[in-house]
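Chain order of the listed sequences is D and S. Quick note on numbering: our numbering labels position 60 of the first sequence as 60, and the sequence is numbered without any gaps. Quick note on numbering: our numbering labels position 53 of the second sequence as 53, and the sequence is numbered without any gaps.
Derived by calculation from the structure, the hints in this document are not laboratory data. Computed from a prediction, not measured in an experiment: that's the story for all the values here. Some clues are possibly wrong.
Here are the simulated distance ranges between beta carbons [stated by the list, open to error]:
id, chain 1, residue 1, chain 2, residue 2, range
1, S, S155, D, T118, 43 to 53 angstroms
2, D, L256, S, S155, 50 to 60 angstroms
3, S, E116, D, E41, 42 to 52 angstroms
The beta carbon of each residue, even a glycine, is placed where N, CA and C say it ideally should be.
2 protein chains.
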Amino acid sequence: MADPTQEIFRGLEGVLVATTKISKVDGLGGVLTYRGYDIHELAAESTFEETAWLLAEGELPTPSQYAAMTRTLAAHLAMPDTVLEVLRQLPRTAHPMAIMRTAISAYGCTDTSAEEITVEAWKRVATRLVAQIGTIGAAAWRLSQGAEPIAPDPSLGYAANFLYMLHGKRPTEAAARILDIALICHADHGIPASTFSGMVVGSSLTDLYSAITAAIGSLKGPLHGGANERVLVDLDRIGSAANVPAYMREVQSKKLKVMGLGHRVYKTWDPRAIIFKKIAETRAAKDPDIARTFATAVALEKACLDAYAEKQLYPNVDYYSGIVYRSLGIDAKMFTPIFAISRMAGWTARLIEYLPNNRIFRPRGKYEGYDLRAYTPLAKRRI
Amino acid sequence: MADPTQEIFRGLEGVLVATTKISKVDGLGGVLTYRGYDIHELAAESTFEETAWLLAEGELPTPSQYAAMTRTLAAHLAMPDTVLEVLRQLPRTAHPMAIMRTAISAYGCTDTSAEEITVEAWKRVATRLVAQIGTIGAAAWRLSQGAEPIAPDPSLGYAANFLYMLHGKRPTEAAARILDIALICHADHGIPASTFSGMVVGSSLTDLYSAITAAIGSLKGPLHGGANERVLVDLDRIGSAANVPAYMREVQSKKLKVMGLGHRVYKTWDPRAIIFKKIAETRAAKDPDIARTFATAVALEKACLDAYAEKQLYPNVDYYSGIVYRSLGIDAKMFTPIFAISRMAGWTARLIEYLPNNRIFRPRGKYEGYDLRAYTPLAKRRI
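The following block holds chain D by itself, in its conformation from the complex (with noise of 0.2 angstroms):
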């Protein structure tokens, strides 16, 4: 490997930053672990609230830790009046997660002691941008569609709650419980732009909302966040199974590329994607419309393995997300602000970890441009 004083490290692809002991992929064997524990198991029997809490602390809650916690989050998840003013100022137009952004920085100005630097300091605050972040997303999706915020309810749990602060009416139990399955499996994933922008602004000692701020805006980006949006609309234009050859044959000619499919890391199934392929699958039994979107993902999936094997096309975690959202009246504009309020938890874990061995991150560009020249006055510029 090459010396990285000399030579640049585009995107960082591979270098090493920080040492964590939260999540760890393998990509090989298709596993996601948070702090060993198997994203399959906790998606089974954790819920996103005690999964928060572990990714935090590096244990499963006790009981009473588990009590303790749901009632904490419980006693934030309330707007102040201060987001909920600069929420309804903002136009209805703007990107769903540039509103969050906004809202995430506001909720930062009302904290009085925002700039206490310490790991107590910050799990405090970390809880409360894990609360409040449901509820900002719930409200920006409301306001955006001309209808009043509603206030949460904190005897539901997280999931159900922001399911009810969405639509206005209680999920049913399946409903709530296949969100908290959503939120457990997007919550950390080593350390994406979003993560690290988080760790870059973090490093200077800042306050903990100016860094999940910056992650907000990474995660909006097309190349972050987003992709389970767009694997719709592609399985919305194909339409059906049964128009997938069709498809396959563009795909082939145009060199298109099939939202979803492969990943960076994962060279087999993504473990989160067998989990949302399973309750896809569920969904499907019992919408028609969902079944025919899933019959065209099913079919996309084998097409793609079986045209490009070498490739390793394995279905990745946007694959089978969107559908489910959908399958739960979820608009396809709330996806990656709903991968914003799961990653929270990822997000604040990791700069918490990153804090008691801080160390600014501070790079540098390698100059390729005028060697020293001298200044011309404006009068004597060419026109």
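With chain D held as given, fit chain S onto it using these hints.
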């Protein structure tokens, strides 16, 4: 140099992440150039408006380009109602940088073409951001003082208009020119954490406002912006040049850090410090309070160079700039915001420079956590 895929590059110290033609820092020679022009020449002959153009476009503007650019800047000075209303909602107690972070994020929400990710679109946005950040900074300050924001006067130059919006009266030509030079001096300096924060966020091809919001949040941190504010606190505490010897004994016995002296890159005078020292001297000649602080600074500078000869503790940009700002009647709380206002030129120029060969930043963490372990249901955990 070690292999960055095996060994952790803490803080990415010395690691090259991009090529650049924007600014060059020669730490041994004490030379800073923007696009090949020496900072001394720019400080003597250029304006902030011209410097911002130079950083973005690579060449000094022709007379007609200069005229067009100042017209465009002037046209975007006024704050949209949305941004002003958001500012009014935020608590006066909030950190001015947190307020600017929120206001710029809100400003992004008002741009219906924010998602246009091209060099041309970003150049348009960059000009607006340079125009707005001064207006936002001045308004944030006035609101924090319980005063009404003052609408910009587009007939004034950028620096003069900022002082006008800040203090509510037109500055002298000398004062405006001093701030103009200060803005030129802070406009770019390699890839510090704030600039890198913006680049990492921008690398997901999100909007420019998201990237700049991140940069502001990063600059806010005490390891980055804000050193000149702390220099003044120290100088005020020392009180006079006569007290410097006693203070030096304290510094040496308690191994205190003297703020504003020494620099990671410059092993001689920071060229910007030379510029600020000269200005501070002229200001000291007119004001006995400034004269006392300046004399204290000069004595402390000399004492530290004598006491720590081997450490090369030459003044950096922060050492005399606080004295200069104070001589303009600017409160210390506004020092970092003014840094942000100036650096907006560099941040946007570097983000635009990175865009055509964009590569998303996705480093790795070295996993040192638990191996796979089995999940224990909540009821079976120790209480």
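Status of each hint after checking the structure:
no., hint, result
1, S155/S x T118/D: 43 to 53 angstroms, "holds, 49 angstroms"
2, L256/D x S155/S: 50 to 60 angstroms, "holds, 54 angstroms"
3, E116/S x E41/D: 42 to 52 angstroms, "holds, 44 angstroms"
When each numbered hint is compared with the structure, no violation occurs for any of them.
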